[in-house]
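Protein sequence lines correspond, in order, to chains U and V. Mapping to this note's numbering: the first sequence position 74 is 74, numbers consecutive. Mapping to this note's numbering: the second sequence position 14 is 14, numbers consecutive.
The set of hints was computed from the structure by calculation and includes no laboratory data. Remember, it's a predicted structure, so these values are computed and weren't measured experimentally. Don't take each hint at face value.
Each pair may be met inside one copy or between any two copies, as identical chains are not told apart.
Mimicking SDA-like on lysine to any residue, the simulated pairs with C-alpha atoms at most 25 Å apart in a straight line are [as the list claims (entries may be wrong)]: (1) Lys87 - Ala18; (2) Lys87 - Phe66; (3) Lys9 - Ala36; (4) Lys87 - Asn13; (5) Lys87 - Glu67; (6) Lys82 - Glu26; (7) Lys87 - Gly51; (8) Lys9 - Ala78.
Protein chains: 2
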Amino acid sequence: MNVLKVSSKSSANSVAGALAAAIRDEGESEIQAIGAGAVNQTVKAIAIASGFLAPTGVSIFAQPTFEEIEIDGEERTAIRFKITSKKD
Amino acid sequence: MNVLKVSSKSSANSVAGALAAAIRDEGESEIQAIGAGAVNQTVKAIAIASGFLAPTGVSIFAQPTFEEIEIDGEERTAIRFKITSKKD
Numbered sequence: 001m002n003v004l005k006v007s008s009k010s011s012a013n014s015v016a017g018a019l020a021a022a023i024r025d026e027g028e029s030e031i032q033a034i035g036a037g038a039v040n041q042t043v044k045a046i047a048i049a050s051g052f053l054a055p056t057g058v059s060i061f062a063q064p065t066f067e068e069i070e071i072d073g074e075e076r077t078a079i080r081f082k083i084t085s086k087k088d
Numbered sequence: 001m002n003v004l005k006v007s008s009k010s011s012a013n014s015v016a017g018a019l020a021a022a023i024r025d026e027g028e029s030e031i032q033a034i035g036a037g038a039v040n041q042t043v044k045a046i047a048i049a050s051g052f053l054a055p056t057g058v059s060i061f062a063q064p065t066f067e068e069i070e071i072d073g074e075e076r077t078a079i080r081f082k083i084t085s086k087k088d
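One chain only, chain U, in its complex shape (with noise of 0.2 Å):
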């Protein structure tokens, strides 16, 4: 599954955009956020996509976790949302 990278420099609407496409095409998705500029980034695009998806019949939900990761050696922790979805 590919996973999508949020920045807090990320586009909400652009994130939703590609996060509304993967639940057409394969029903999940995940999205990785480090930071909470990119952990506000991405729940505005999950919101975005509730949206895009609704007139389909198609509820989406996020469950959040804490990812270690390591950046430049460095370890930092990241937010890795899953993301799954439900037709009514």
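Given chain U's structure and the hints, the job is docking chain V onto it.
Just chain V, lined up with the frame of chain U:
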């Protein structure tokens, strides 16, 4: 239903405890957050609460939506998280 209000200064652990208690009692809950810092604390609280509930076979799912609210006569955009649960 009780709505948990989270700010950027809220302790993620305390919110997680309140959320886990609400899920145990009612099976669902709602959280309101205004601003990136508050959204980040909310997501961390959901991840922590998932860990509290996992040993009892309960998974939780977040559905964020935008909500327009008025604070001191000013229009603000909040994120409202609907939290539902499922038992294995």
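Comparing the hints with the structure gives:
1. Lys87 - Ala18: within (19 Å within a copy, 30 Å between copies)
2. Lys87 - Phe66: Answer is between: at 21 Å across copies they meet the 25 Å cutoff, but 28 Å inside does not.
3. Lys9 - Ala36: Close inside one copy (11 Å) and across copies (13 Å); limit 25 Å.
4. Lys87 - Asn13: within (22 Å within a copy, 33 Å between copies)
5. Lys87 - Glu67: Between. Shortest inter-copy distance 24 Å satisfies the 25 Å Cα cut-off; intra-copy 29 Å does not.
6. Lys82 - Glu26: Cα proximity of Lys82 and Glu26: in one copy and across copies (13 Å, 24 Å).
7. Lys87 - Gly51: within (14 Å within a copy, 27 Å between copies)
8. Lys9 - Ala78: Answer is both; intra-copy 16 Å and inter-copy 20 Å each pass.
Hint check: no violations occur; every hint is consistent with the structure.
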